[in-house]
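K.L.:
Protein chains in written order, with the numbering used here: chain A, 1 to 321; chain E, 1001 to 1151.
Because the hints were derived from the structure by calculation, they are not lab data. For every residue, glycine included, the Cβ atom is placed at its ideal position computed from N, Cα and C. A couple of the hints might just be wrong.
Claimed, not checked - Listed below are several chain E residues computed to face chain A (Cβ distance under 7 Å; list not exhaustive):
(1) 1075
(2) 1079
(3) 1082
(4) 1096
Stated by the list, open to error - Residues from chain E that keep clear of chain A, each with C-beta distances beyond 10 Å, as calculated:
(5) 1045
(6) 1062
(7) 1077
(8) 1078
(9) 1080
(10) 1086
(11) 1088
(12) 1104
Said to hold, decoys possible - Which bits of chain A does chain E cover? Going by a derived footprint, with three or more residues having C-beta under 8 Å, they are:
(13) 5-13
(14) 234-241
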Amino acid sequence: MKSGSRLERVLTSGRFAVTAELNPPDSADPSAVYDRALVLAEVCDGINATDASGANVHMSSVGICALLTRAGYEPIMQVSCRDRNRIAIQGDLLGAAAMGVRNVLCLTGDGVQTGDQPGAKPVFDLDSISLLRTARTLRDEGHFLSGRNLDSKPRFFLGGAANPFVPPYEYRPQRLAKKVAAGADFIQTQYCFDVPRLKKFMAAVCQAGLNDQVHILVGVGPLRSAKAAEWMRKFVPGVVIPDAIIDRLKGAGKGKQQAEGKQICVEIIQQVREIDGVCGVHVMAYRQEELVAEIIEEAGLLPRRWQPGRGKKRSSEEASH
Amino acid sequence: MRFLQNYPNLLVSAYQAVERLLKLFQRWMVPGGFVERVFIPLEMITKGPLFDCRMCGQCILHSTGMTCPMTCPKTLRNGPCGGVRSNGKCEIKPDMDCIWMQAWERSARMKTYGQEIMIVQGPVNHQRKGSSAWINDLCTDVERLPEGWQP
């Protein structure tokens, strides 16, 4: 065990993992975080604390993780390279480890122009891959990038992101290989609305043997309406939503689009679960946290989330009891 | 002159020729000296028009299909981000082609250094900004990566 985190235990035992994203509040009130965590924690193995995603300022991921660890929840701390340099990031990683954060997701981060403060100075001192290597160095070698030794090493389960849905498609598996080489233990992908594209990506990943080295969680999420879907694909970097999905939402008619969006999400989870090499799902329900539990239940992932093909022995043992 | 980037093998040969030439004068090639003061403008007028060089002082062109990674608006040195648009344009500058799409394509055509794009690149040393990458490359005692970086 690299970290001993719940997410690591679930994934290494071969169970189908579920993580969910917590929408960070624009508030100084801790109950805003706890209210949201409460509905997610029951149904997932880890809660992602986003780091100003889309370059919009919200409560920081370090702050959210401090609150979550204090209450015994399992956070996945997202660290983006957009706002902090290597000095700040290494310090935050140590601080997070001291608070009990065991899962870290290393990201490059969206450009500042997509957010609410486009005039901010973009940092990008590290990138996602050099950040992964830096975090691994802290954990395994026990020293900073400068070479200065730590008194005590942090225990991390390290994650990276992948986006199989944007070009250059044929090189995306190679980029994943680079993240694995840099130290990624798990991967959370961007929103998947294009299952055939994911299948192609996963086939290449499995062919390269990467599925044995890294646990891949596919990003999914409910779309609130056709209008929201169109807004997302236009303004959220890296999100690709095929026309067929938007047409289906429009076809559902007024007042029923949210239910249809949820149904699409459930169907996508069921489809990606059957793909070789997929170890779990990461649910991103933007401002719809209350739907996460329903989605996970309707997708058949409760109460025991056995991954098809893996850990079969244990589930059959259980059935015989 | 940017079109020359589409001939990465030609550029590699040119680099090899220049390197052979410079090696003859290696003993004078020290950072901070008179030679560097001559080299900096020389690099600017050659690599500028060719690669849109940003004078980071630590070239990794051979590992990026002879495409300058510092021209990426996020200055990424390890590959494309997840924000590339479906039409291959940059997330930050919608009119600009993603330089990493080009880098990967050119790299695939490179005979000698094609596989080097898989190297995990360390962070940029910002102290080297504005210095001569050629001199830094030839002087092996110039430290580029942080001491604790695990290759």
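K.L.:
Evaluate each hint against the coordinates.
P.N.:
Status of each hint after checking the structure:
1. Annotation: interface hint on residue 1075 of chain E holds; nearest CB of chain A at approximately 5 Å, less than 7 Å.
2. The beta carbon of residue 1079 of chain E comes within 5 Å of a beta carbon in chain A, closer than 7 Å, and the hint placing it at the interface holds.
3. Residue-level restraint check for residue 1082 of chain E holds (minimum Cβ-Cβ distance to chain A is 3 Å; threshold 7 Å).
4. At its closest, the beta carbon of residue 1096 of chain E sits 12 Å from a beta carbon of chain A; the interface hint therefore is violated under the 7 Å criterion.
5. Consistency note on residue 1045 of chain E: stated as away from chain A, and its beta-carbon is indeed over 10 Å from all of that chain's, at 27 Å minimum.
6. Interface exclusion of residue 1062 of chain E from chain A stands, the closest Cβ pair being 17 Å apart, more than 10 Å.
7. Separation of residue 1077 of chain E from chain A is inadequate, the least Cβ-Cβ distance of about 6 Å not exceeding the 10 Å criterion.
8. Not every CB of chain A lies more than 10 Å from the CB of residue 1078 of chain E, the least distance being 4 Å, so the non-interface label is violated.
9. With a closest Cβ-Cβ approach of about 7 Å to chain A, residue 1080 of chain E is found to fall inside the 10 Å limit, against its non-interface label.
10. The claim that residue 1086 of chain E is not at the interface with chain A is violated, since a C-beta of that chain comes within 10 Å of its own (minimum 6 Å).
11. Consistency note on residue 1088 of chain E: stated as away from chain A, yet its beta-carbon is not over 10 Å from all of that chain's, at 5 Å minimum.
12. With 10 Å as the threshold on Cβ separation, the claim that residue 1104 of chain E sits away from chain A is violated: the shortest Cβ distance comes to roughly 5 Å.
13. By the rule of at least three residues with a Cβ nearer than 8 Å to a Cβ of chain E, the coverage given for the region 5-13 of chain A is violated, with 0 such residues.
14. With 3 residues bearing a CB less than 8 Å from a CB of chain E, the region 234-241 of chain A meets the requirement of three and the coverage assertion stands.
The structure does not agree with the numbered hints 4, 7, 8, 9, 10, 11, 12 and 13 stated previously, though it agrees with the rest.
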